[in-house]
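Enquirer: Residues per chain, in single letters:
Protein chains: 2
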Amino acid sequence: MRCGQGIEARQVDELFINIDPIQAGGRLTADAMKAVVAYGDGYSVCDNCRKPNRLDYIAKPPIAEFHKDVAKWLNMDAVRTVPGARRGFQAVAHTYVNKGDPVLLTSLSHYTEFLAVEESGGVAREIPANDQKLVTPDATAEKIEAVKREFGRAPVLAFIDHVDYQYGNMHDVAGIAKVCRQYDVPIVYNGAYTVGILPVDGKAMGVDFVVGSGHKSMAAPAPSGVLAATAEREKEVFRTTAIIGDVTNRKFGIKEPEMMGCTLMGVTLVGMMASFPHVKERTKHFDKELANHKIVMDALLSIEGTKCLSEFPRKHTMTRIDTIASFDKVAESHKKRGYYLQSALEEKGITGVIPGATKVWKFNTYGTTRKQAEHLGRAFVEIARENGLAVKG
Amino acid sequence: MRCGQGIEARQVDELFINIDPIQAGGRLTADAMKAVVAYGDGYSVCDNCRKPNRLDYIAKPPIAEFHKDVAKWLNMDAVRTVPGARRGFQAVAHTYVNKGDPVLLTSLSHYTEFLAVEESGGVAREIPANDQKLVTPDATAEKIEAVKREFGRAPVLAFIDHVDYQYGNMHDVAGIAKVCRQYDVPIVYNGAYTVGILPVDGKAMGVDFVVGSGHKSMAAPAPSGVLAATAEREKEVFRTTAIIGDVTNRKFGIKEPEMMGCTLMGVTLVGMMASFPHVKERTKHFDKELANHKIVMDALLSIEGTKCLSEFPRKHTMTRIDTIASFDKVAESHKKRGYYLQSALEEKGITGVIPGATKVWKFNTYGTTRKQAEHLGRAFVEIARENGLAVKG
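Line by line, the protein sequences are chains A and B.
Take the first sequence: its letter number 159 is residue 159 in the numbering used here, and every next letter is one higher.
Take the second sequence: its letter number 241 is residue 241 in the numbering used here, and every next letter is one higher.
It is possible that some hints are incorrect.
Any copy, or any two copies together, can satisfy a pair, since identical chains are not distinguished.
Derived EDC-like pairs: lysine to aspartate or glutamate, alpha-carbon spacing no greater than 20 Å straight-line [what the hints assert, rightly or not]:
| # | residue 1 | residue 2 |
| --- | --- | --- |
| 1 | Lys34 | Asp13 |
| 2 | Lys133 | Asp246 |
| 3 | Lys60 | Glu346 |
| 4 | Lys68 | Glu8 |
| 5 | Lys315 | Asp201 |
Keep in mind that the hints were calculated from the coordinates and are not lab data.
Go ahead and model the full structure; you've got the sequences and the hints to work with.
Expert: Dropping the structure here:
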């Protein structure tokens, strides 16, 4: 089935339980699906744009209300939508980082945070994670002191991932933010794996910015995301334009340079809005997600030789697993080599594990039902047994 | 009909002939509609991402091929997709503009070009349009000389709109580019109203960059667009990342900082790809679009007192019209005041004129059939006659 010349219609989540580490939280809700059909055209949300002519003021569809709701939900003072979390990082980096300025990241930071620093001319300095792959407040203080010695001043900005993309570990953002505040370092909370997944309270954590990803964790089409700020920081990052045309003396109203004017329109915005009530609700039931994740983890860890590389017990549904001493041993002699695992999983209606991966890999059970989680657990154990691996219990 | 809590399903192009000036070229094709359903999830295009792990290398769906096709189609050497034309402007501005640098715009430039300059710390200098609202090569040379006197150096970059958003006038980009080259000023061709609408040949015009808007003129969902570069400029704007983690020594492969890594995913990209064969084809028949536009213009200009503020004869289907001495006279005494025009048009199945506008307004007939164009022309004349305005012929 095709949806355009040479483009096969994708049928993945329709046919499989998808445990891809980055896709689980971004699957569209049914309402978002309807919204992308109804608001497919880019300027479809602009039909009722009135003065002061900025996207986040539009009342119909209820875009203005959505912005207020998201700010309240994150317990922050102002929100803008952005074309992906990375564009939120970029906007903040441009506001605070000048050429040669040190910026605090961590040894587990996502590459888009590095690119935001690079594009602003900043210098990246990573807070090292400890042996448990956790970034701590103490390590943050040590790194800030090291930066001060090296640069003669504190970092101008810090990006901290609440749950990192490498291990899915949950870091003590509140503790880290407290340290940052002592040194007057503005802190960006990267919620790519949390905003839309579990409850996030920006003020309680004491962060200056909260960034969320629409297509990673808010069941919205790509590219989409949110950038939330405190009242203090709002004036800085969401400052309005000051440029003037020298011939026409034109000014550009209340458009915001770091947002490049109006932000998300059409499918991306309305998709995010349509999913929002469902997303808000699901964050209240993250305990259920963790319980389902545990079913799969227990099954995986019952296969002898399998190790969990993420913190344990798990605080997130995205986990890094080491199967060098289990599934990978099979790959050595299997006629399909490392591809046997993915192949066997697909036969059982499961997808999302990188083809060929049998050593160290990640998966995410977010959004699975209990029944699906049980199927996942059983599937891993069955594949292990079928291939002669020992299973405990 | 709702497509989510509090969100009315939009039915505009389904029910009306839509002559909104900025919506005409962005209406999704049927293939794009199918694509947004099949590729609704953000990471849906990443299922088959393999090394070197960058979006524009993905073969299935045929993203890599699409990038090559678009470059060839625009007669440029390299293309990237961007979340809206403005993000293309931003990437180029960041590459060439430092704090205090003069940048050439025009008195008809779009606000997003100004914001790109502002966000990079540049200073905007507008080439004045002449009395015919056209930006000329001579005026460009004069302005560059003026900038040299003022700043002691030539502008570091020029943004030129081939067809401007204010009048829909077509400016002599080839002539302007020739002048820019004489002063070594890199030139960005803003094709927001041309790429996807009429044939565009970057090399023939001698420009360094071509920017197109997916949701304005390529029948793609928002935010989407393309940034094309010559081989010389490609190395500058699409340079790869050089930042390194100081603790982990991490590098980030061939990701590009100005693109913030991978660019468009899911609906926006696949929507643009699905529409592309249709868009390519339609640009070959722009003469038909102009012929239909003429039908409407002839009708409008037959209403006494109506003036065309855009260049005439028209070279584009988006036109600025002055009805102060025609439709606006009716508004003075009509019980619906200025809203009567929009109201009367909607009764005839036409939408897209700003509610209340009867003085100076814009419309775009792009994509209408001959029959629809005739209906539009008849509708304007009938409304004029019904309201006692004189109609010639």
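Enquirer: Of all the hints numbered above, which does this structure not satisfy? Sort the numbers upward.
Expert: Hints that this structure does not satisfy do not exist here, as all of them hold.
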